[in-house]
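A.B. asks: All residue numbers for the sequence shown refer to this note's numbering, where the first residue is 70 and numbers rise by one.
Hints were generated in silico from the structure; no laboratory data involved.
Among the hints, erroneous ones may be present.
To be verified - Heads up, simulated DSBU-like pairs for lysine-lysine below, C-alpha to C-alpha not over 35 Å straight-line:
hint, residue 1, residue 2
1, K75, K309
2, K75, K249
3, K309, K249
To be verified - What follows is a list of derived Cβ distance ranges for each label pair:
hint, residue 1, residue 2, range
4, L240, S196, 45 to 55 Å
5, L297, G236, 25 to 35 Å
6, V164, N248, 14 to 24 Å
7, I304, P76, 29 to 39 Å
8, I175, V308, 13 to 23 Å
9, I301, V252, 40 to 50 Å
10, L297, G148, 14 to 24 Å
11, G153, V298, 12 to 22 Å
12, G204, V144, 33 to 43 Å
All C-beta atoms, glycine included, are put in the ideal place defined by N, C-alpha and C.
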Amino acid sequence: MGDLRKPFLLLAMLAIVLAIGVELGAGLLLGGADAGAALADSAGALDVELDDVSGVSEPSGRGTGYLALIDAVAVWSTGLFCLGLLLPERVQGRVQGVASLIFSIILIIVGLIALVVAFVELSIMVSLFLAVPFGTLAYLALWGFFPVGEAAVLLGLVLLLKLVWAGMLVLAQPRFLQNKGLVLLILTTLLCTVVLEFLHNLVPVILVSIVDDVAALVFAIIAIIWGLVLLIGSIPAIVKAIRVTAALPTR
């Protein structure tokens, strides 16, 4: 940590915190627009009459928000680097193992809950979409008008912030590139962001919510895997801390 460039590390922390903030706020920033006119057009195409479809809102999707599950690991890892600026290495080693264990357990639990929620919603989506005509109309009313353009803007911003995060980490300490776990985490979160935006533009707009939910499922699984990696990795640190503590002379 002696040749660590602290300003760049702090900027990296700021960038990844802003990225996860945008992801968590995606549900508020996306959706809410009136989709009634589009729903009425769809109903006409299916030869079904609807008297009133006002008040129907566009959905925000889960994919962008579920990216935060993966980026929570990025925030945690960067936070541990920043912790080294405040605590002596000896104390940091003891705290890091226990803290990582607690964080990994929380991440796994949250990831499992998010996985179940996304799976149930995806099942409902597909069931309604295939139940022509009234089930399809219900699907269109709830999920058929995804705001692809707005989502692309947010994902572009998130991707930019993640690139800044990765760049600032390298500027802070080029030897971070020797950390295979960190490099894999950077590649994972960047790839997931790019893939999500690609999926949003891959299918017709009425199917975007479905592929978005599929992506959310995958992101939850990836977050759980990273939680397990952190959990396993925290065990040696805890054991080492216990041994060091036991070896200390007692009064």
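A.B. asks: Between I301 and V252, does the C-beta distance stay in 40 to 50 Å?
C.D. replies: Since the Cβ atoms of I301 and V252 sit about 18 Å apart, the hinted range of 40 to 50 Å is violated.
A.B. asks: Indicate whether the distance between the beta carbons of G153 and V298 respects the range 12 to 22 Å.
C.D. replies: 20 Å, holds
A.B. asks: Does the beta carbon distance between G204 and V144 stay inside 33 to 43 Å, or does it fall outside?
C.D. replies: 40 Å, holds
A.B. asks: Do the Cβ positions of V164 and N248 conform to the proposed distance bound of 14 to 24 Å?
C.D. replies: 19 Å, holds
A.B. asks: State, for the Cβ atoms of L297 and G148, whether the hinted interval 14 to 24 Å holds or is violated.
C.D. replies: 20 Å, holds
A.B. asks: At the C-beta level, are L240 and S196 separated by a distance inside 45 to 55 Å?
C.D. replies: 50 Å, holds
A.B. asks: Between the beta carbons of I304 and P76, is the distance compatible with 29 to 39 Å?
C.D. replies: With Cβ atoms ~34 Å apart, the hint holds.
A.B. asks: Assess, step by step, whether the Cα of K309 is no farther than 35 Å from the Cα of K249, and give holds or violated.
C.D. replies: 22 Å, holds
A.B. asks: Can the suggested window of 13 to 23 Å be confirmed for the beta-carbon pair I175 and V308?
C.D. replies: Taking Cβ atoms as reference, I175 and V308 lie about 21 Å apart, which means the hint holds.
A.B. asks: Determine whether the Cβ-Cβ distance between L297 and G236 falls within the hinted range of 25 to 35 Å.
C.D. replies: This hint holds: roughly 29 Å between Cβ atoms.
A.B. asks: Does the structure keep K75 and K249 at a Cα separation of 35 Å or less?
C.D. replies: Holds, at roughly 21 Å.
A.B. asks: Verify the proposed pairing of K75 with K309, using a straight-line Cα cut of 35 Å.
C.D. replies: Holds: K75 and K309 sit about 28 Å apart, inside 35 Å.
The earlier numbered hint that this structure contradicts is number 9, and it is the only one.
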